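Asker: Please model the entire structure based on the sequences and the hints provided.
Quick mapping for you: the protein sequence lines, in order, are chains B and S.
Take 1 as the starting number for the first sequence in the working numbering and just add one per residue.
Take 436 as the starting number for the second sequence in the working numbering and just add one per residue.
Worth flagging that the hints you see were computed from the coordinates, not collected in a lab.
In this text, all values refer to a predicted model and were calculated from it rather than measured experimentally.
Fair warning: there could be bad hints in the mix.
[What the hints assert, rightly or not] Here are a few chain S residues that face chain B, going by a calculated C-beta distance under 10 Å:
#, residue
1, Glu509
2, Phe573
3, Pro575
4, Leu607
5, Glu610
6, Asp694
7, Ala696
8, Pro699
Every residue gets a Cβ at the ideal spot worked out from N, C-alpha and C, and that includes glycine.
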Amino acid sequence: MDSSPRSRTYCILTALIVFVFAAIAAGLGCSSRSAPSEGKTRVRFSFWGGFLELKLWEELKALYEKLYPDTVLQLEYSPGEYHRKLRLNLIAGTAADVLMVDDELYPAYAQSGNLENLERYIERDRDEFDFEDFLPTSLESFTYEGERFALPWDGFSTIVFYNCDIFDEGGIPYPRDDWTWEDLQRTAIALTKDLDNDGRIDQFGFNVTFGWRDMEPVIWSYGGRILTPDKKRFAMNTPETIAALQYLYDLKFKYHAMPQAGELAGMLVEIQILTGRVAILMAPAYMMSIMRGVEAMRWDAVHMPSGPTGKASRLSWDGLAIYTGSQHKEEAWRFIKMVLSDEGQRIVGKLQRGLPVRRSAVVESYVDPETPQKEEKFLEAVEYGRVTPITVKYVEMDFAIQRELDKLSLGRIDPETMVRNLEPKVNRLLSEEDS
Amino acid sequence: MISAKSGSLRRAVKRNVEGYLFASPWIVGFVVFTLGAMLFSLFLSFARWDAQTPLDQIQFIGPRNYKEMFTEDEFFYKALYNTAYYSFFSVPLRVAVALLLAILLNQKVRGIAFFRTAFYLPSIVIGAATAVVWSWIFNPSYGPLNSALHNVNAFLDHVHLGFINLPEPGWLESELWSKPALILMSVWGVGSSMLIYLAGLQGVPGHLYEVADLDGASSVRKFWNITVPMITPTIYFNLIISVIGAFQVFTQVYVITPDHAGGPNNSTLVYVLHLYRKAFDELRMGYACALAWVLFVIILFFTLLIIRSSALWVYYEGERR
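Answerer: If you want it as structure tokens, here you go:
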């Protein structure tokens, strides 16, 4: 080996760097183990969401630790890719004690045997629950083969938001709660404008994501549906569903009152309405928590327009479950009960992320008399709301439908072709479920 | 006889034991984490397993996964086509751009160290971050690329050249342009192969150029008759690495397409993204392993093709092997 002073200096430097990295790694290893919870039980809770959710769970954590001083709640927060992470944790057997699950993936999780059956706990603590107070469809969304493996804690209805400033500038009256899809179409066309005359539209009258769940309220209010009521067969191939899809298709391609591919690309829908690029938006209630903080524009919400068979709104629920591999199931159960208690639900409602799952909490804390908007509408929408037909094959069905919808939203196929293409694919998936 | 043989064997083991011991961290790592994992995935490719149930629940199903891939999976051929399209254009483009940059950076000009650093810098940035920036550049409504094209068109109109109209494509939003956009993006990361070319260029002996100069050769001639033949081993190496990388393209597509779905209309559904979706969305580990093995065979085929063809075009100054 060359032993010139220079190469020795490099050797020493390299050794130092290695030493420093090793020390850091060892330090990290230690710090993750030693925590200020000597002698306390640590309960882990994994969830997803934005900063607002983090705030919500920090408040609920404080309440939990006040109620149960011998327990520490560890918040495990994933801003994105939550479900992929959870799956990997389940595979590795390192999932948290309490898991947030959504209604869409719930059947698949329940089937996998990773969620604790909660019937025994519910039966034991029956008098602590007022299930009558739970909003309709919420409990059903977390029932799998007649048993509950999770309980809902919050949810959303879909409703229509609009930018008041755009309406005022266009001299068009605000929409009324008894409006129809024809009214929406007329208003959207009137509000679509090329403001700087460069041949490109800058302000669109309406937008809704071309996703099948987002389109469901239109399909339902036209009398159509995605699957048969028993969720065994595909049911979109009807004149009603095709008419609903055609309605949205025309708004996009015939009237160009909705952005087409490439227009407003990469811009989140909430940014589209906040920046005045879109006048009317159909979106879930959580949009309110985003719009709430904005003072530069005025906005309001209005009920869903009516179609041939009335109004429809899409409901979606988030639930809490206990991991079967948990060592602290009782503590985990106490946490779930606390979130569903009067006090826990009031905290959920106050932050307005979504509707608390209990009606009393919606009325007491979600509805805020201080704001110009009427939060009651989100609760009223629950009454005419429905849930997406969800099965164990949800992910595959979602992928299949969405691929065909992509073609529709690019204008490559018409609604009739789309449902015709989809029928055998979805039916095949649904028949695999039984095998 | 036997004892003599075993005696020599014992001596051989004794002689080499230190060597094996020193190599053991790598050997153990390779056998357990690479070879072991590969054999397990080969086995899984003939099985059905959702990765959520214990290992004893793995169901052996024979070549059914492979059969499904070739006869039923409607996205398999689409993914294969997209990947082939991407590789076919991105590999030659990357080789050409990297070589061109290396030649420029091999010139004796002031501040060459700065230019070398600047052109290598994009390779240091992780793929996901690069992809986010490029998806903004390609944004058809407010991205700088289309704004520039729009302004150029406006200028052409202004100077009465309106008949020349540059396209303002939807890039990642358009079925037609999404793959070209990915290919353009891939050129951004040529830094590391550029560096290898640069090393290759610096290894070309100067006396060859001197001789050529004496004979009055032009620079184009010198490039084709000296530079290119002398760096064919470098091109050869870079070509193999680029082909392998191109067939495995994943990060950029995963980051830039909404819901990681490979849209619009599957035009960017590349092979590894398809594999990833099968494994981690549908939890079909067996099927995903089968896809992985088919990709392995495809890459092996192209790599062997390049290796076999190398005798025809790669020039080694040393002895031919």
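Asker: The structure should be examined with respect to each hint, and the outcome stated for every one.
Answerer: Here is how each hint holds up against the structure:
1. Taking 10 Å as the C-beta contact cut-off toward chain B, the hint placing S:Glu509 at the interface holds, the least distance being around 9 Å.
2. At its closest, the beta carbon of S:Phe573 sits 9 Å from a beta carbon of chain B; the interface hint therefore holds under the 10 Å criterion.
3. Interface restraint check for S:Pro575: the shortest CB-CB distance to chain B comes to about 4 Å, inside 10 Å, so the restraint holds.
4. For the restraint placing S:Leu607 at the interface with chain B, the shortest Cβ-Cβ distance is roughly 8 Å, inside the 10 Å limit, so the hint holds.
5. A hinted interface residue such as S:Glu610 counts as satisfied when its beta carbon comes closer than 10 Å to some beta carbon of chain B; here the least separation is about 7 Å, so the hint holds.
6. Given hint, S:Asp694 at the interface with chain B, holds; its Cβ is 8 Å from that chain's nearest Cβ, closer than 10 Å.
7. Annotation: S:Ala696 was flagged as interfacial toward chain B, and the flag holds, the nearest CB pair being 7 Å apart, inside 10 Å.
8. The beta carbon of S:Pro699 comes within 6 Å of a beta carbon in chain B, closer than 10 Å, and the hint placing it at the interface holds.
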